[in-house]
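These protein sequence lines are chains B and S, in that order. At the far end of the first sequence sits residue 325, using the UniProt record's numbering, and the numbering has no gaps. At the far end of the second sequence sits residue 403, using the UniProt record's numbering, and the numbering has no gaps.
Don't read these hints as lab results, they were simulated from the structure. Hints should not be assumed to be uniformly reliable.
Stated by the list, open to error - Calculated lysine-lysine pairs in the DSS-like style (CA-CA distance at most 30 Å, straight line):
hint	chain 1	residue 1	chain 2	residue 2
1	B	Lys-254	S	Lys-379
2	S	Lys-141	S	Lys-342
3	S	Lys-322	S	Lys-306
4	B	Lys-47	S	Lys-280
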Amino acid sequence: MAQMNLLQAINNALDIVMAENDSALCFGEDVGHFGGVFRATSGLQEKYGKARCFNTPLVEQGIIGFANGLAAQGSTPIAEIQFADYIFPAFDQIVNESAKFRYRSGNEFNVGKLTIRTPYGGGIAGGLYHSQSPEAYFAHTPGLKIVVPRNPYQAKGLLLASIRDDNPVVFFEPKRLYRASVGEVPVEDYQLPLGKADIMQTGTDITLLAWGAQLEIVEKAADKASADGISCEIIDLRTILPWDVDTVANSVRKTGRLLVSQEAPLTAGFASEIAATIQQECFLHLESPIERVCGFDTPYPLSLEKEYVADHLKIYEAIKRSINY
Amino acid sequence: MQGLQQEKAMNTEIYKESQVVHTPTFIDGHSVEIPILKILKEDGTVYSGAELPEIDQVKATKVYKALAFHRVLDERMVAAQRQGRVSFYMAALGEEAASVGGAAGLEDQDMIMAQYREQGALIYRGFSLENLMNQMFSNEKDLGKGRQMPIHYGSSELNYMTISSPLGTQIPQAAGYAYGQKLQGKDAVTICYFGEGAASEGDFHAGLNMAAVHRAPVIFFCRNNGYAISTPSDEQYVGNGIASRGVGYGIKTIRIDGNDILAVLKATQTARSYALAEQKPVIIEAMSYRLGAHSTSDDPSGYRTKEEEEKWHMHDPILRMKNWMLAQKWWDETQETELYEKLREQVLAAVKVAEKIDKPPVEDLVTDVYDQVPAHLQKQLDELKVHIKKYPEAYPFTAGRIK
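Throw the hints in and build the complete structure from the sequences for me.
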């Protein structure tokens, strides 16, 4: 075990993959010698050479198009989009190409070896274009897997699983936690399962569900509720697509209440999909309406960030609302 | 500033060699002069001094038969669409030399990433008539499992990437594919076809720049056929064709007569050698004309004149090759008649077989979305099967086959 922050855990996972697999490549804007603007690829070019870890021109659709071609060819591309806010020029390559490559060819070809890493989320005074959480756009696309880790241990195990999974994966990294989240991480190789939620804390009164950086906020709200005698079960969804309906539904059948919290805006966010599915799966077990505590339906603001975000107080209030319904 | 420590730091030296001026001096947008390669004349003779491609009678006959097959297939399938037997078709009338000649200039291990009007390349590679038909009739024997509209062929065995409808997406993919081939030391390149219309897409610029910067051995083959559906090329761009853009990206570029099979072959063979030896991309711009409609869903009489089309009928690439074959004494009129008769019969017979083959089973709805069928899709499929059993008359393709 070693103490690592989330960036170091990601760097460590990339190092392991590049050492074991000669066809694994890391590339994106400023990813080469500089090691990425957040330094996630630090030292990889020195270790594995410029042919395998390199800067690309500033063209997101080019980065993902290039990555799709590499994956179809049999290489293992790990492409970085510098901020999830800038992934949209590559939307067509991801939604129409990566996601449909296997299906449209009848499995003659696939890009299963593709992994797209991208930092997402707010809380860093990043304003409109360095704060977004666009996972729901991609969750509407069959063929993709979408993974979001919450801490260094999860990040390493889930990233290794994502790279080795035989499907294209969009891996959203919580940039607010890149350096803030530090924990014990095994130095050796390990994987955590995709498509499987993680019950972080068991409880009996209400199920709290989130992913990525939002779990830290949810835990804080649960602690506050606990002081009021409310027992919260906390679940990290980990994989947004395909998501682990069974774990969430089983928990809600037990607690009778569900709160989903996400950083992204409320309307048509992934929390809404979860709420729709759980009301169908658990209708007769529900004691109160499913609560969604999310970002505002506005662009991500700057000076009013505190007011905008789904903070622990808003979650705490929603927990009480649900319990007292 | 760490970037400056790299061995390949900022390369601005090149600008210091430029001529210095002290009054605003613009260079013209058309200042690049681009020669056009022509080898074969309409009458089947070769221009004097022309450098011929590597071709012998066996290869020439294979190319010619592929061209003939292509033309017959297109004729018959446009007719089949008019009869309502297939939903859609795209012919390549008048520009068959670009696809067949391009494939003929490559090796079998080279990847072909086409746009959609390059069935000639697949025909040259040996894709069977049955496979072509099964795709167009989207039946259960289609390699693509009946999921895409007609003409979206693909074959892993023949290194022909499955067609995707979005325009130009294959261009940056080809750069990546070729980069992978290079890194793995393969004796192989990638050829990437697209039209002059698709060259307006962002992916074109992304792909060319990526390939140039990362030195990918890819041949970008532009079929400049004058039209993007109804939009003529003079409403698509005002620069000197697509070839002039190669200069901007620092890519070796050639323009050729796209209806001259020997020029296509020569350019592709030379481009392949260069791309492999130098590990760099190449651009070929083949000038041609789309004599047919964009697809069976449009009628060119709405956007161009019969006179314009007539002019291009004189430049038929297949007739030009036939004249050359006759002059070489590698072909005669008896062979010609027999070949076309046989091909027409074969295509008609294949249509009759393919249209009777069952549609894919309902299970194919959910396979290949992921490598394994995930739980939520299995659940959706199970529910669908129950529903189909309840209303079998509404789902005639699958109702009788559900276990």
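Taking each numbered hint in turn, which are not upheld by the structure, reported in ascending numerical order?
Going through the list in order, the structure violates no hint and respects every one.
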